[in-house]
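Model the full assembly from the supplied sequences, consistent with the hints where possible.
Residue numbers (this note's numbering), protein chains in the order written: chain R, 235 to 820; chain U, 235 to 820.
Source of the hints: derived by calculation from the structure; they are not laboratory data. Worth double-checking, as some hints may not be accurate.
Beta-carbon label-pair distances, calculated as ranges [stated by the list, open to error]: (1) Gln278/U x Gly807/R: 37 to 45 Å; (2) Gly254/R x Gln278/U: 56 to 64 Å; (3) Glu238/U x Arg806/R: 28 to 36 Å.
Here are a few chain U residues that face chain R, going by a calculated C-beta distance under 7 Å [claimed, not checked]: (4) Val283; (5) Gly312; (6) Ala323; (7) Pro340; (8) Leu414; (9) Leu415; (10) Pro417; (11) Leu538; (12) Pro561; (13) Leu568; (14) Met569; (15) Ser735; (16) Leu747.
From a predicted model like this one, the values you see are computed outputs, not experimental measurements. From the three backbone atoms N, C-alpha and C, an ideal C-beta is built for every residue, glycine too.
Number of protein chains: 2
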Amino acid sequence: MNEELTAYVSAFVDELVRSGVRDIVISPGSRSTPIAILAAEHPQMNVRVIVDERSAGYFALGLAKAKRGAVALLCTSGTAAANYMPAVAEAYLARVPLVVLTADRPHELRDVGAPQTIQQIGLFGGHAKWFAEMPIPESSAQMLRHARMTASRAAAVAVSHPRGPVHLNFPLREPLLPDLLSPGLWAGGREEGTAYTAVTEGAKLPAPAALRSLAAKLSQTANGIIVCGPQDEPGFAEAVTGLAEVLQYPVLADPLSQLRSGSHSLEYVIDSYDAFLRDESAITLLQPEVIIRFGAMPVSKALLQYIHRYPQARMIVVEEGDGWRDPTLLAAELMNADPSELCRALTVCVNEAVPKRNAFHAGWARRWRRINAETRRLLREESRRYDELFEGRLFVELEDLLPERSTLFVGNSMPIRDLDTFFGNNPRYVRVMGNRGANGIDGIVSSALGASIGSEHTVLVIGDLSFYHDMNGLLAAKLHGLNMTVILVNNDGGGIFSFLSQAQLPEERFEQLFGTPIGLDYEIAVRLYDGAFTRVHHWEDFREALGRSFTEGGLQVIELPTDRDSNVAMHRGIWDKLFSRLSALL
Amino acid sequence: MNEELTAYVSAFVDELVRSGVRDIVISPGSRSTPIAILAAEHPQMNVRVIVDERSAGYFALGLAKAKRGAVALLCTSGTAAANYMPAVAEAYLARVPLVVLTADRPHELRDVGAPQTIQQIGLFGGHAKWFAEMPIPESSAQMLRHARMTASRAAAVAVSHPRGPVHLNFPLREPLLPDLLSPGLWAGGREEGTAYTAVTEGAKLPAPAALRSLAAKLSQTANGIIVCGPQDEPGFAEAVTGLAEVLQYPVLADPLSQLRSGSHSLEYVIDSYDAFLRDESAITLLQPEVIIRFGAMPVSKALLQYIHRYPQARMIVVEEGDGWRDPTLLAAELMNADPSELCRALTVCVNEAVPKRNAFHAGWARRWRRINAETRRLLREESRRYDELFEGRLFVELEDLLPERSTLFVGNSMPIRDLDTFFGNNPRYVRVMGNRGANGIDGIVSSALGASIGSEHTVLVIGDLSFYHDMNGLLAAKLHGLNMTVILVNNDGGGIFSFLSQAQLPEERFEQLFGTPIGLDYEIAVRLYDGAFTRVHHWEDFREALGRSFTEGGLQVIELPTDRDSNVAMHRGIWDKLFSRLSALL
Chain R
235 MNEELTAYVS AFVDELVRSG VRDIVISPGS RSTPIAILAA EHPQMNVRVI VDERSAGYFA
295 LGLAKAKRGA VALLCTSGTA AANYMPAVAE AYLARVPLVV LTADRPHELR DVGAPQTIQQ
355 IGLFGGHAKW FAEMPIPESS AQMLRHARMT ASRAAAVAVS HPRGPVHLNF PLREPLLPDL
415 LSPGLWAGGR EEGTAYTAVT EGAKLPAPAA LRSLAAKLSQ TANGIIVCGP QDEPGFAEAV
475 TGLAEVLQYP VLADPLSQLR SGSHSLEYVI DSYDAFLRDE SAITLLQPEV IIRFGAMPVS
535 KALLQYIHRY PQARMIVVEE GDGWRDPTLL AAELMNADPS ELCRALTVCV NEAVPKRNAF
595 HAGWARRWRR INAETRRLLR EESRRYDELF EGRLFVELED LLPERSTLFV GNSMPIRDLD
655 TFFGNNPRYV RVMGNRGANG IDGIVSSALG ASIGSEHTVL VIGDLSFYHD MNGLLAAKLH
715 GLNMTVILVN NDGGGIFSFL SQAQLPEERF EQLFGTPIGL DYEIAVRLYD GAFTRVHHWE
775 DFREALGRSF TEGGLQVIEL PTDRDSNVAM HRGIWDKLFS RLSALL
Chain U
235 MNEELTAYVS AFVDELVRSG VRDIVISPGS RSTPIAILAA EHPQMNVRVI VDERSAGYFA
295 LGLAKAKRGA VALLCTSGTA AANYMPAVAE AYLARVPLVV LTADRPHELR DVGAPQTIQQ
355 IGLFGGHAKW FAEMPIPESS AQMLRHARMT ASRAAAVAVS HPRGPVHLNF PLREPLLPDL
415 LSPGLWAGGR EEGTAYTAVT EGAKLPAPAA LRSLAAKLSQ TANGIIVCGP QDEPGFAEAV
475 TGLAEVLQYP VLADPLSQLR SGSHSLEYVI DSYDAFLRDE SAITLLQPEV IIRFGAMPVS
535 KALLQYIHRY PQARMIVVEE GDGWRDPTLL AAELMNADPS ELCRALTVCV NEAVPKRNAF
595 HAGWARRWRR INAETRRLLR EESRRYDELF EGRLFVELED LLPERSTLFV GNSMPIRDLD
655 TFFGNNPRYV RVMGNRGANG IDGIVSSALG ASIGSEHTVL VIGDLSFYHD MNGLLAAKLH
715 GLNMTVILVN NDGGGIFSFL SQAQLPEERF EQLFGTPIGL DYEIAVRLYD GAFTRVHHWE
775 DFREALGRSF TEGGLQVIEL PTDRDSNVAM HRGIWDKLFS RLSALL
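Here's what the structure looks like:
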C-alpha cells in the first residue's frame with residue numbers, strides 16, 4: 235500500500251469537502267484511482283459516476299449552477315481530460331465554479347510515448363481561471379499542508395468573482411490503491427471542521443462620493459434604461475427593481491436574468507422588448523440617454539441593434555469581476571462593483587438626491603410599459619391563434635403551466651430565442667437556465683440533468699440537433715434516478731438557419747450544410763435510457779403530457795414535431811401583426 | 235455579397251485541394267458558412283457533414299489514417315472547436331495529418347462577451363503541430379497569395395514527419411455568404427494545377443560511415459531483437475523483415491505494426507511474445523544484447539517488463555520525425571531516420587560486412603521462433619477449447635475469418651490487448667488499426683467509420699463502454715451509407731479493471747467506480763441508426779453472422795455478451811496452460 239499517496243490525497247479530498255465542495259462527478263479510469271476511491275469513501279462527498287467525460291463536464295456545470303457552488307470533476311489521464319474542454323470553456327465564460335481534477339502520468343512517463351499521456355499541463359489554456367500542477371504525493375507535514383491549502387484555494391478561486399473553473403493536474407505513480415485502513419485517513423484538518431484557509435471575498439463598491447455623483451446624474455436623466463442580461467445572484471432582482479423604481483427606468487430583462495418571474499416587483503420589468511424593438515417606430519420613440527447594463531449580454535438581437543442605433547447614449551456596464559463584457563464596444567463606463575450592493579447603494583443615493591420621486595420622469599417609463607403590455611398581449615393572443623405546433627407558442631404555454639419553484643432549462647439556437655420573445659413576466663418563481671457562456675448546442679442534456687438535482691420539477695426545452703449532440707447525457711438520468719421533463723422540439727435539423735441569410739441558398743445545398751436533417755426516431759433513443767416518450771400533435775395533448783410528466787417522474791420526453799419552414803412563416807406572421815398594432819398605437 | 239471573402243476563401247479552399255486535401259468533414263454552423271459553402275462547391279472536394287464535432291474529429295482522423303493523407307475539418311466558433319480537442323490530441327500523438335479549420339468571431343467580438351466566442355487562438359496548445367491565425371479575408375494579390383501559400387503550407391506541415399494536426403483559425407465577419415457567381419472563383423492557382431508551393435521532404439538517413447559502423451556492430455551481436463510498434467508505412471514490412479533476415483534477429487511485431495499479416499516474409503515475425511514473455515523461464519532464456527525499436531511503443535505490458543529486465547541491453551530507437559518515444563527511459567541511441575530507408579541501407583551494409591550470413595547466430599532466432607510457434611499453437615488450441623464466448627478466442631476466430639484486404643479496427647482497453655495476444659501471423663493482408671496515440675476509449679466508432687472509407691470490409695472490435703462513448707458516431711454510417719461490421723464485446727462495464735489491482739476492492743465500490751455497468755440494450759441503439767443487430771451466444775452463430783454482415787453491408791452490429799469475471803478466469807487458465815507447456819519445453 236502507498237502511505238504517501240493515501241495521506242496526501244485523503245488530505246486533499248477532505249479539504250475539498252471542508253471548503254464547500256460536496257459533489258464530485260467521476261468518470262472511470264485507472265490513473266485517477268486514489269482520488270476516486272478516497273472521494274467515494276469520504277462520508278460527506280456525493281459521488282456520481284458518469285462514463286462520458288464530455289457529458290460529465292456539462293453535468294457538473296449544471297449541478298454547480300443549480301447549487302450556486304463549486305462542483306468537482308475527476309477523470310483519468312489522456313483524452314479523457316480533453317473531453318472536458320467544451321464544458322470548461324462554457325464554465326469559464328458563463329462563470330460557473332468547477333474544480334477540475336485530472337489524473338496524469340508522473341513526469342518520467344510524459345512526452346516519451348507512454349500510453350494515455352497527453353499534454354495536460356495548462357490543457358485548458360485561458361479557459362481555466364487557475365491551474366496548478368500538483369506534486370507527486372508526499373506525506374511530510376509541509377506537503378500535507380500543501381494538499382489542504384491547495385484544495386482550499388482551488389475551491390475559493392472557483393467561487394470568487396468572476397466565478398469559473400480551476401484545474402489541478404495530479405501526477406500519480408503506481409501503486410494506485412490507497413490504504414483505507416491508514417490511521418491518518420482524513421486527519422489533519424482544522425479542528426473546528428472549517429477550511430484550512432478560510433477565504434473571504436469583499437464586495438466591491440465605488441466610493442461614496444462617486445456613488446452620489448452617479449446618482450445625481452441619473453436623477454437628472456429622464457430617458458434611462460436598465461438592461462439585465464443572464465445572471466443568477468439571489469437578491470439581485472429585488473435590488474435592481476428597487477433601483478428601477480426610484481429612477482423610473484424600465485428594466486429590459488433577459489429571460490435568464492431571473493427577473494421575469496418571482497416575488498419582486500414586476501412593475502418596471504420589460505419582457506417583450508425583443509419583439510417591439512424590431513419595430514422602427516418604437517425604436518424612434520424610445521431613444522435612451524443612458525443605459526445601465528448588468529450581467530452577461532442579453533440574447534436579443536433586436537436589443538443589440540437598438541443599442542447600436544444610439545451610440546451617443548451613455549452606457550454604464552457593471553461588472554462584478556474583472557471581466558469586460560461589452561460586444562457593442564459602446565461602454566463609456568465600466569464599473570467593477572457587486573451588482574446588488576451597487577443597486578442598493580444607488581437607490582439610497584437617488585432617494586436622497588430626489589426626495590420627491592415618482593413624478594419627475596414618469597412619462598418615459600410609462601411609454602415603455604404601455605408598448606410592452608400591448609406587445610405581450612399580442613404575442614400571447616397571436617401565438618394562441620396557431621393551433622398547429624408553433625415553436626413560439628410553446629413558451630406561452632409554459633408561462634402558464636410551469637409550477638412554482640420549477641426550473642426551466644433551455645437549449646441554444648432557437649429555444650432561447652423563442653423563450654426570450656414568448657415567455658413573459660410571471661409571479662410564480664421559475665428559475666430559468668441556459669448555457670450562455672459560449673452558447674453551444676453541445677452538453678445541454680447533461681447540464682439540465684445536473685441542474686435538476688435539488689429542483690422538484692425541471693423542464694428542458696431543446697431542439698433535435700442539440701438533443702442528439704448530448705444524447706449520451708441521458709445515461710445519467712437512468713443511472714442516477716433523476717427526474718426531468720424534456721420538451722423536444724423536433725424540426726429535424728437546424729431550425730435557426732431558416733431565419734438567416736443562409737436560407738437564400740439553393741435548397742439542396744442549404745439542407746446539406748445548414749438544414750442538416752438527421753431523421754432519427756427519438757422514441758427509440760429515449761427507450762434506450764428507460765425514459766418515457768410521448769409525441770404530441772395538439773396543444774391539449776401537450777398540456778396533458780406535461781402534467782403527467784410531473785407526476786410520473788423519471789426521464790420524461792415529450793416530442794413536438796414541428797416544421798422549419800412553417801415555423802418561420804408563423805414567426806413572421808406575428809411580427810407583421812405586431813408592426814400593424816404598434817403603428818396604430820404609436 | 236462579399237467579394238473579399240469570396241476571393242480569399244475560395245483561393246484557400248482551391249489550394250487545399252491542389253495540395254492534396256480532397257476530403258473535408260464539416261459540422262454545421264453559421265460562422266463557418268463561407269468555407270463550408272466553397273468547400274461544397276469545389277468540384278474536387280469531398281464533403282461529409284457530421285453534426286457532433288467530437289465524432290467529426292475522430293471520423294476525420296480515421297479517414298486520414300485510411301488514406302494516409304491529410305483530411306480537413308471545419309466547424310463554427312465556440313465550443314464546437316473545443317469538441318475537436320480529443321481527436322486533435324490523438325492525432326498529434328498518433329501522428330495523423332489533419333488540417334483543422336475553425337471559424338472565429340473577428341477581433342472586435344473577442345473577449346467582450348459576444349456569443350459563441352471562446353479563446354480559439356492556440357486552442358489546442360502543444361497538440362497542434364502548427365497554428366496560424368488567419369487574417370480577415372482580403373482580396374489583394376498579396377493576400378490571395380497568402381491564402382494559397384498558407385493552404386499549401388498547412389497541408390505540407392500536416393503530412394511531414396512526424397505527421398500531425400495543424401490548426402488554422404479564421405476570423406470571419408458578416409455578411410458570410412460568398413458570391414458563387416464571382417468570375418474569379420477558384421482562379422489564381424498555379425497553371426499546372428499543382429500546389430502553390432510544392433513541398434518535398436527529404437528522407438533522413440545516417441551518414442554512410444555511421445551506417446557501416448552500426449552494421450558491423452550488429453553483425454557481431456548474436457542476441458539482438460527488433461521491436462516494431464504501431465506504424466503504417468507502406469514498404470516498411472518488407473524492409474524490416476529483410477533486415478531481420480540478414481541479422482537473424484527476431485522481429486517482435488505489435489499487432490498494429492502491420493507486420494503480422496501481408497505478403498512479406500513472416501519467417502522472423504514473432505507474434506506471441508505478449509504471451510510467452512509472461513513466463514519467467516522464457517525471459518531468462520531470451521536475454522537480449524541489443525534492441526532496435528521502430529514505431530510507437532507496443533501495447534504489450536509483458537514486452538515492456540521484459541525490456542525493463544535487461545537495462546544493459548543496448549536500445550536503439552528509430553524515430554522518423556523529431557519525437558522521443560521511449561517510455562522505458564533505456565534508449566542508448568535515438569536515431570532520426572526514415573525507418574524503411576534505414577532498414578534497407580543497413581541490410582546492404584550487413585550483407586557487405588558478413589557475406590556468409592545465415593549461420594553466424596541462427597541459434598538465437600531459432601529459439602525465439604520455436605517458443606513462438608509453440609505458444610501460438612497453444613493459444614489457438616486452448617482458446618478454442620472454450621465453447622463459451624471467451625473474449626480472447628474472438629481474435630483467433632477473426633484470424634481465420636477476415637477476408638483478404640479487410641480492415642480490422644480495434645478499441646482500446648481489452649480489445650487491443652486480446653488482439654495482441656490472440657491474433658497471430660496471417661498471410662492474408664489485413665490492415666489493423668487502433669487509436670494508440672493516447673489510447674482513449676473515446677471516438678473509436680467514428681475513427682473506424684472514417685477508416686472504413688475505401689476498404690471493402692471493415693470490422694471494428696469494441697467493448698461496450700467504448701461503444702457507448704461514441705454512439706453518436708453511428709450517425710455517420712446512416713447518413714453517409716457506410717459499411718462496417720461492429721463486433722461489440724459486451725461485458726457490461728470496464729472489463730480491464732478486473733485484471734488490475736482495483737479488483738481487490740470490495741465488490742460494491744469496485745462496481746461503482748471501475749466495473750461501471752451501464753446496462754444498455756444496444757439492440758435499441760443500433761436500431762436508432764438503422765443498423766442490423768445480431769446477438770450471438772455460440773461461435774457457430776458468430777461465424778455465420780460475420781459472414782452475413784459482409785454480404786449485407788451497411789451498419790452491422792454483432793454483439794457478443796461476455797462475463798467479466800469468467801473472462802479473467804479463462805485468460806488465467808490459458809496462462810497456466812502456457813506456463814506448464816513452456817516449462818516442459820525449455
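Hint by hint, here is what the structure shows:
1. Gln278/U x Gly807/R: 37 to 45 Å: Taking Cβ atoms as reference, Gln278/U and Gly807/R lie about 44 Å apart, which means the hint holds.
2. Gly254/R x Gln278/U: 56 to 64 Å: Check passed, 58 Å falls within 56 to 64 Å.
3. Glu238/U x Arg806/R: 28 to 36 Å: Given range 28 to 36 Å: holds, Cβ gap about 31 Å.
4. Val283: holds, 6 Å
5. Gly312: Since the shortest Cβ distance to chain R is 4 Å, the answer is holds.
6. Ala323: Since chain R brings a Cβ to about 5 Å from Ala323/U, closer than 7 Å, the hint holds.
7. Pro340: Since chain R brings no Cβ nearer than about 11 Å to Pro340/U, farther than 7 Å, the hint is violated.
8. Leu414: violated, 9 Å
9. Leu415: This interface hint is violated because 13 Å lies over the 7 Å limit.
10. Pro417: The hint is violated - Pro417/U has no Cβ within 7 Å of chain R, the shortest such distance being about 20 Å.
11. Leu538: violated, 10 Å
12. Pro561: Since the shortest Cβ distance to chain R is 4 Å, the answer is holds.
13. Leu568: Violated - the Cβ of Leu568/U stays beyond 7 Å from chain R, reaching only about 11 Å at its closest.
14. Met569: violated, 15 Å
15. Ser735: holds, 5 Å
16. Leu747: The hint holds - Leu747/U has a Cβ within 7 Å of chain R, the shortest such distance being about 5 Å.
Against the hints set out earlier in the document, violations occur for numbers 7, 8, 9, 10, 11, 13 and 14.
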